[in-house]
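Participant: Numbering (my numbering), first residue to last: -2 to 457.
Worth flagging that the hints you see were computed from the coordinates, not collected in a lab.
Please note: incorrect hints may appear among the correct ones.
[Said to hold, decoys possible] Label-pair restraints from in silico Cβ distances:
#	residue 1	residue 2	range
1	G322	I99	20 to 28 Å
2	I99	F234	17 to 25 Å
3	R148	F315	35 to 43 Å
Quick caveat, the model's predicted, so the values are computed rather than measured.
Glycine included, every Cβ here is placed at the ideal spot set by N, Cα and C.
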Amino acid sequence: MAPSVGSAASITGLLVFGTTTSLLAKIVYELRGEGSGGEAKYFVKPWTMVTVMFLGMSLSLPLAYMEQWAEEKKAKAEGATPLLEKAHEHSGTWREVFMLGIPTFFDLVATILMNVGLVSVTASVYQMLRGAEMLFAALFAVVFLGRKLNRFHYGGIACCLVGISLVGVASLMSGEGSATHPVTPAQMLLGMGLIVASQSVQAAQITYEDFFMADLNIAPLKIVGFEGLWGSVTMLFVILPIVYFLPGAEGHGLHENTLDTLYMIRHSPVIGGVLLFDMFALLMYNFSGMCVTGHLGAVFRTVLETMRTLFVWLVDLFLFYGPLGLKGLGESWGATSWIQAGGFVVLVSGTLIYSRGDDEDMTAHPPEEAPAVVAEPEQPADVIRPVPKAPSTARQRPSAARAEPIAMSPGTSFYKSSMSLASFSPLSSSVSRSYALSSSHRGAAQMSVSHASPHTSSNV
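My request is simple: use the sequences and hints to build the entire structure.
Facilitator: Listed below in structure tokens is the structure:
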């Protein structure tokens, strides 16, 4: 059940906080602060930003338990025992909670690749390149899940390839990867490659969740929260200590001085404030996304996600040309920007075409309806009835191809702000797993490897 927040407020929250998280992920790299050596330096700390993202996701956990507590309290007040039992319906077992560690690993790798890649490209290019997830999701669905693609799927994939190529070429021709420090073409190419590679990892997460975790019985916000918790623990106690001792210059993706990071946060209120607000925005984005999907469905959420990508670009342009004096935090418009805009239009068109393929599959292979239960006439007690055959527990391999264009995995990614969230998905897949957990939302929430199933997979 979607939390009791109005549709208008949910839509506004999704667009505002979704755009904010994507922008802050890049803006923080353009901020200067005092380093531990006393010198002024840019806060190019991709590993720290990965940690911030998972910390922001983990904040969903208290919210999820507050919602559960409110439902239990309401049920007790009404004296409705069945409702009380329903409140625990999606609480999940500890085994299921620990199972979330596997998709968390996929999320962790994908988020690291995206954040390192974002250092060398603009926020708008970063957001658009995430459309590559559709390509890998479709590939893995065919290879590992035995699904089949139709003509609309192939048309959508072709448009996606063309759109990504146009965006990448425009970025290289513009030479603009950062508004504050120079980025070489080689660094920009590497950054775009890392972002595209991250989408293959997100697609692998979608495939894993679709096959192994479709029946996971945990509420959506708890899935986001627990994955955030496992990711935060891994980053704080394993990854950050390791990258501290890795060789190389800081800000190039491998080495990162965590002590210097803490020093900069402590001595720069602006940097510290941006990081805290980013975590808050992630929380509100996750919550708003769940409300939108619950109130208006996954298809409407897809439209909003496309608008979010456009808003990221528009706000970047406003920061560069606007009267606020924040040129160093924005993005300029040049001759190659028209090429990027064309690539964006082709990407969105590809998503719509691919979505049409999912609709065609649903028409050709409608979901089977459960047989009607007919009351059996009462028989004498001494009549021997045949023992009903137990239903098969073997997992059926999906037959129709339903990979989501630009979406995240069926569970988490859908909620993750800029890191794992589908930029253009035709159906939200992150919720697929989360809402697969809840029968009332499953049909409206799976958006990743399955269009007709509601998100993830990303990243947000």
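Participant: Taking the hints in turn, state whether each one holds.
Facilitator: Tested hints:
1. Checked against the hint of 20 to 28 Å, the pair G322 and I99 fails, with Cβ atoms roughly 47 Å apart.
2. Taking the beta carbon of each, I99 and F234 are about 19 Å apart, inside 17 to 25 Å as hinted.
3. For the hinted restraint 35 to 43 Å between R148 and F315, the CB-CB distance of approximately 40 Å keeps it satisfied.
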